[in-house]
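**Student:** Protein sequence lines correspond, in order, to chains A and B. When the letters of the first sequence are read in order and numbered with my numbering, they come out as residues 1 to 317. When the letters of the second sequence are read in order and numbered with my numbering, they come out as residues 1 to 276.
These are computed hints drawn from the structure, not numbers from a lab. Mixed in with the good hints there might be a few duds.
Below 27 Å or equal to it, Euclidean Cα-Cα: the simulated DSSO-like pairs (lysine-lysine) are [said to hold, decoys possible]:
#	chain 1	residue 1	chain 2	residue 2
1	A	112	A	99
2	A	220	B	144
3	A	283	A	99
4	B	258	A	220
5	A	220	B	35
6	B	186	A	305
7	B	144	A	228
8	A	182	B	186
9	B	168	B	186
10	B	258	A	228
11	A	220	B	5
Computed, partial: chain B to chain A, Cβ under 8 Å [stated by the list, open to error]:
#	residue
12	27
13	53
14	57
15	79
16	82
17	87
18	91
19	103
20	109
21	126
22	127
23	253
No experiment lies behind these values; they were computed from the predicted model shown. All residues carry an ideal CB built from backbone N, CA and C; glycine is no exception.
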Amino acid sequence: MVSAVFHSPLAAASESIAMKKEATHPDSTRASGSKTLDAPAPTVTSATPPAAARPAYDWRGLVMVVLPPLLGLGLLIGIWAIVSISTASSIPSPWETWKQAVVLFSDPFYRKGPNDQGVGWNVLMSLERVAVGFGLAAAVGIPAGFAIGRFEFLGRMFNPLISLLRPVSPLAWLPIGLMVFKGANPAAIWTIFICSIWPMLINTAVGVQRVPQDYMNVAKVLNLSEWKIVTKILFPAVLPYMLTGVRLAVGTAWLVIVAAEMLTGGVGIGFWVWDEWNNLNVKNIIIAIFVIGIVGLILEYALIKVATAFTFEEVKS
Amino acid sequence: MSSLKYIEIQNVAQTFKTKKGVFPALRDINLTVAKGEFVTLIGHSGCGKSTLLNLIAGLTMPTAGALLCANREIAGPGPERAVVFQNHSLLPWLTCFENVYLGVERVFGAASKSTGAPSENKAQLMARTDAALAMVGLTAAAQKRPGEISGGMKQRVGIARALAMEPKVLLMDEPFGALDALTRAKLQDELLEIVARTQSTVVMVTHDVDEAVLLSDRIVMLTNGPAATIGEVLSVDLPRPRNRVALADSAQYLGYRKAVIDFLYTRQAHVEKTAA
């Protein structure tokens, strides 16, 4: 649950893109390479053989970066096609699904009544619920995490409650939400709130507890005010932990919203999946699965970018 | 006579509660440090040197006895007793300038109750910060983050941060312990020069015999723990300014060096041996 290490599923992909770009201009790299070699030592003729060898591009590295992901994707599509053939097309084939996806995404934002809206609207509605529920959870969870981490009394007071409530599936809170808020939309937001508050609260609290004692000693010796301690020491030191919590929270929220919307209905990607199941439109369900996966990937990637930007070098003792 | 006794440590003992029971770290510590004096604490690792320094800093409270600074009981940490930490303890998200400024702002940014000095404006605070960084020769690195500079430079920023607060006492906990020998020698020379200029009172923890003899007016040698106490105090009467090259074959210097080594390796040979 607690980690300050950021693994990016897209890191490898972006790397490969960067390498591809480089590979598309082999002439320019070769030209600049020979230029830099020639400029400092124009008289040394014996240096030309290694200079000629140097611009040779590392094709093996490129292959290692590009080929395995492509093979993985190919394997998925291959298995999918085999399953599709062996079930006599009750699972639609990749090609059929692709054609359907092209039709679907040619008009993602149509509205034909409350239960028939474009896939774009469904995704946006789900994202809105996640944003509201997650935002409320951040507004409560992060300050609470600071307080629980900073003051041992509060930590001892709330840790048993957190341990008790955290393992509960967020969907178990849905009926309570429906009862209290008397509406599907607030109940779904409430479920997102509950599931995303724990990672942020716990990570923030742990981050505060793990602020190196050295920094706190500095604060003591400099006799800093509580405000300065929070803004200059605690907050920057806790930020990487906090952002890990945020990332976990958004990931969980995106998992839960699909299930919550299946139960509450309305407009949303989860509801859309359920609706298409009722229509027995399996192609759209598969498309929905890809859409959910890609949106989740983008959320994760964006948060990793934010987190790495705010991670500072640790003090090495 | 009160000016001679600047820091007074009276019958101080320190115990720690551990899982195995009460661990006595220090006992019967009696020491006075005069104003402008450079005192080093030396002893084997684990003998409680840093514990004693933390007591003077006010980061921990003694189990028994009392510590006074300028005739006032040390009740907690304060900017008049600046600490240079072993691992520099710079905040990695602030630039060198901001790290130093943090302390300067706290000490001079508000009107002083004790001396009645008025609060200084931002330009004055920044000038103080610049001056402190210039003193340790880091003007060029002021806008760099600690992650971008070398270990020796980080330690110099730590010293600048401490000195910029114009402390009455400079407490240093093995400030050069993590540095290579050449950088250490350079910083020692710089420290000697800065201390001579600012007339600072310094208490420094070290495990380096040469460092102790070169820098100190007095060397306080601690016995082995647990329940360590002061074994011997050696006055170093080498004339200042001191030059490490000239001292390298001075008989007087070698005599002091021999005395410390004799204490550490003959009389206080390592704990495991005496326990066996």
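**Student:** Sort out whether residue 220(A) lies within 27 Å of residue 258(B), counting only the CA atoms.
**Tutor:** Violated: residue 258(B) and residue 220(A) sit about 39 Å apart, past 27 Å.
**Student:** Are the Cα positions of residue 258(B) and residue 228(A) separated by 27 Å at most?
**Tutor:** Given pair residue 258(B), residue 228(A) is violated - Cα atoms ~48 Å apart, limit 27 Å.
**Student:** Does the closest beta carbon of chain A sit nearer than 8 Å to the beta carbon of residue 109(B)?
**Tutor:** Given a least distance of 11 Å, the restraint on residue 109(B) is violated.
**Student:** Does residue 53(B) pass the interface check with chain A, least Cβ-Cβ distance below 8 Å?
**Tutor:** Violated: closest Cβ of chain A sits about 11 Å from residue 53(B), beyond 8 Å.
**Student:** For the hint on residue 57(B), does the least C-beta distance to chain A fall short of 8 Å?
**Tutor:** Given a least distance of 6 Å, the restraint on residue 57(B) holds.
**Student:** Is the Cα-Cα distance between residue 220(A) and residue 35(B) 27 Å or less?
**Tutor:** 24 Å, holds
**Student:** Are the Cα positions of residue 186(B) and residue 305(A) separated by 27 Å at most?
**Tutor:** 41 Å, violated
**Student:** Answer holds if the nearest beta-carbon of chain A is closer than 8 Å to that of residue 91(B); otherwise answer violated.
**Tutor:** With Cβ-Cβ at 6 Å, under 8 Å, it holds.
**Student:** Straight-line Cα separation of residue 220(A) and residue 144(B) no greater than 27 Å?
**Tutor:** 24 Å, holds
**Student:** Once the shortest beta carbon distance from residue 87(B) to chain A is found, is it less than 8 Å?
**Tutor:** 4 Å, holds
**Student:** Are residue 79(B) and chain A close enough, Cβ to Cβ, to be under 8 Å, as the hint says?
**Tutor:** 5 Å, holds
**Student:** With a cut-off of 27 Å on the C-alpha distance, tell me whether residue 168(B) and residue 186(B) pass.
**Tutor:** With a Cα-Cα distance of about 24 Å, the restraint between residue 168(B) and residue 186(B) holds, given a limit of 27 Å.
Against the hints set out earlier in the document, violations occur for numbers 4, 6, 8, 10, 12, 13, 20, 21, 22 and 23.
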